[in-house]
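Asker: Modelling step: build the complete structure from the supplied sequences, incorporating the hints.
Just so you know, the sequences run in chain order A and H.
Okay, so the first sequence: first residue is 1 according to my numbering, each after it adds one.
Okay, so the second sequence: first residue is 1 according to my numbering, each after it adds one.
I should point out that these hints are in silico values taken from the structure, not numbers from a laboratory.
There are no misleading hints in this set.
Pairs count within a copy or across copies, as identical chains cannot be separated in the list.
Derived pair list, reagent style DSSO-like, types lysine-lysine, alpha-carbon separation capped at 30 Å:
no., residue 1, residue 2
1, LYS287, LYS150
2, LYS86, LYS155
3, LYS85, LYS287
4, LYS287, LYS86
5, LYS2, LYS60
6, LYS150, LYS2
Protein chains: 2
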Amino acid sequence: MKALAIDLGGTHANCAIVEDHKILFSKRLDLDSAQVLGSVLPLFTSSFRELMSEARFATKDFAGLAMSTCGLVDSARARILSSPKKWDDAPGVDFVGWCRREFSLPMKMENDARMALMGERYAGTARGCNDLAMITLGTGIGTAVMIGGKLLHGKHFQAGNQGGHQPVVFNGRDCTCGGVGCAEAEAAGWALPQIARDWPRFRESLLAKEPAINYEILFRLAAEGDAVARAIQDRCIHVWAATAVGMIHAFDPEIVIFGGGVLESADLIIPFVQAHVNAHTWSPWGKAQIRAAELGNDAGLLGAVPLLSTN
Amino acid sequence: MKALAIDLGGTHANCAIVEDHKILFSKRLDLDSAQVLGSVLPLFTSSFRELMSEARFATKDFAGLAMSTCGLVDSARARILSSPKKWDDAPGVDFVGWCRREFSLPMKMENDARMALMGERYAGTARGCNDLAMITLGTGIGTAVMIGGKLLHGKHFQAGNQGGHQPVVFNGRDCTCGGVGCAEAEAAGWALPQIARDWPRFRESLLAKEPAINYEILFRLAAEGDAVARAIQDRCIHVWAATAVGMIHAFDPEIVIFGGGVLESADLIIPFVQAHVNAHTWSPWGKAQIRAAELGNDAGLLGAVPLLSTN
Numbered sequence: 001m002k003a004l005a006i007d008l009g010g011t012h013a014n015c016a017i018v019e020d021h022k023i024l025f026s027k028r029l030d031l032d033s034a035q036v037l038g039s040v041l042p043l044f045t046s047s048f049r050e051l052m053s054e055a056r057f058a059t060k061d062f063a064g065l066a067m068s069t070c071g072l073v074d075s076a077r078a079r080i081l082s083s084p085k086k087w088d089d090a091p092g093v094d095f096v097g098w099c100r101r102e103f104s105l106p107m108k109m110e111n112d113a114r115m116a117l118m119g120e121r122y123a124g125t126a127r128g129c130n131d132l133a134m135i136t137l138g139t140g141i142g143t144a145v146m147i148g149g150k151l152l153h154g155k156h157f158q159a160g161n162q163g164g165h166q167p168v169v170f171n172g173r174d175c176t177c178g179g180v181g182c183a184e185a186e187a188a189g190w191a192l193p194q195i196a197r198d199w200p201r202f203r204e205s206l207l208a209k210e211p212a213i214n215y216e217i218l219f220r221l222a223a224e225g226d227a228v229a230r231a232i233q234d235r236c237i238h239v240w241a242a243t244a245v246g247m248i249h250a251f252d253p254e255i256v257i258f259g260g261g262v263l264e265s266a267d268l269i270i271p272f273v274q275a276h277v278n279a280h281t282w283s284p285w286g287k288a289q290i291r292a293a294e295l296g297n298d299a300g301l302l303g304a305v306p307l308l309s310t311n
Numbered sequence: 001m002k003a004l005a006i007d008l009g010g011t012h013a014n015c016a017i018v019e020d021h022k023i024l025f026s027k028r029l030d031l032d033s034a035q036v037l038g039s040v041l042p043l044f045t046s047s048f049r050e051l052m053s054e055a056r057f058a059t060k061d062f063a064g065l066a067m068s069t070c071g072l073v074d075s076a077r078a079r080i081l082s083s084p085k086k087w088d089d090a091p092g093v094d095f096v097g098w099c100r101r102e103f104s105l106p107m108k109m110e111n112d113a114r115m116a117l118m119g120e121r122y123a124g125t126a127r128g129c130n131d132l133a134m135i136t137l138g139t140g141i142g143t144a145v146m147i148g149g150k151l152l153h154g155k156h157f158q159a160g161n162q163g164g165h166q167p168v169v170f171n172g173r174d175c176t177c178g179g180v181g182c183a184e185a186e187a188a189g190w191a192l193p194q195i196a197r198d199w200p201r202f203r204e205s206l207l208a209k210e211p212a213i214n215y216e217i218l219f220r221l222a223a224e225g226d227a228v229a230r231a232i233q234d235r236c237i238h239v240w241a242a243t244a245v246g247m248i249h250a251f252d253p254e255i256v257i258f259g260g261g262v263l264e265s266a267d268l269i270i271p272f273v274q275a276h277v278n279a280h281t282w283s284p285w286g287k288a289q290i291r292a293a294e295l296g297n298d299a300g301l302l303g304a305v306p307l308l309s310t311n
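Answerer: Next up, the structure:
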């Protein structure tokens, strides 16, 4: 099956032609200067026309268009319900109408965390697994859940999506979501600089000399022997492990996939989380397996075919 | 619809004849001296024969038998998968065969937390709601979830059932489940005596004079002005509120029901939890409602009719 696929973020988008497990052609769009999503649709149209011309495919060759986007998505109606601030007009954008008008194709939309799970299950580390959760560690912490081969959505499309907002320190740090002690507030990329600055002896750490602090710098300095970086790294991994325990106890999966750039250090993260899960989950049937994502940024695009194949 | 209903606990059971929203007749069995569950089945048989005789009903008047039990239940096969230690023989007991042999009736079984949710939805505080969670505060903390009108089970029947084992203090107290900082370890009845003894200035509190510490005593002494009891009470309610936030972010319900004996103090608990949820959950559609259970110990029995009506 061939599909058109869009992975829409806040600052850029990827448009692609996907065939089954492969991305055949793709084009990255810089959206830094775009103010509203309505103005981006013509860019998508022209990008897909270019890609189809390059690939010598016609619209009739495609089963449909699948779109992955951050924010809260009504996947039944292919509408964005709530989006990062930049796309204020998102809830009003009629993607289905646009896709029918431009390409005469059906379209489906899903939240990016769920699309990454779909991709990893279809073409990545969890092929064929029907009961799984995915945790993507980035600026925020995105999660998604599949139970019995079906994505979990819930009444308002939030179920399984808010694992980054499980309270792991019930009286902990304030979160951008309004929550307290959420996994994100305690260990996501956006929270890391403040967590570091609040750490005892931060000023003695090489972290204090960095103009910006992110996971990559933290893990590098920890590896170089910086004691504060090491302590913060250990605490973050511990919080991620507790987040996995929470997801397992909530959703009963057989596999929990960890994704995101910090998984460059999968050799540090995965064994710790697996040992923590083995020691601290209760599941008479056995223990959930912890795996690193395989598809990186392609996962959302590779979710296109399974999404379009779903009723 | 009429149903036979059993609510099986570790030390006693209730057998009842239920008609729609009403318990018509019931009988409590003390099981303290029973060693194995196999030996209890004849007691169930004779109890139901007594009740039917009293009610002047015959087996043909009933749609089936529904059983609520603590522990992990395979509701597809009506088998107990894992039970409190006392009933070591539980996984081998063929309830379906017993029920057919004795009463020629179909039978269904469900975990007690899920049955309480079914009861409250059918005859209690959440009538007609299709998306809800229930948190029962007792010796442990039992939870259950319904999404889109269907009980959530998961691959191994654990989904939605383990809300008491969400880590709310990721580096907190050890839990009996093997977990760390679970809601149960931080605020369940079984953990309360140790939490109190570990509290600073415990010896100055009236709690130190109590031979046993439970929620009832804690709330009474807090009301009488005991500062330590008040601080522990506040912390427990805070943990329960965080548990509700976790359930809402995980499962996207419209109503979260709190049940259990401590809800005698619903006037203290429910407003705090509702305010905490209003302030600390992210849900663009509105805020989940926090409600006190209405049916008390009858909820599990009153889940019988809706359970037997489910495909």
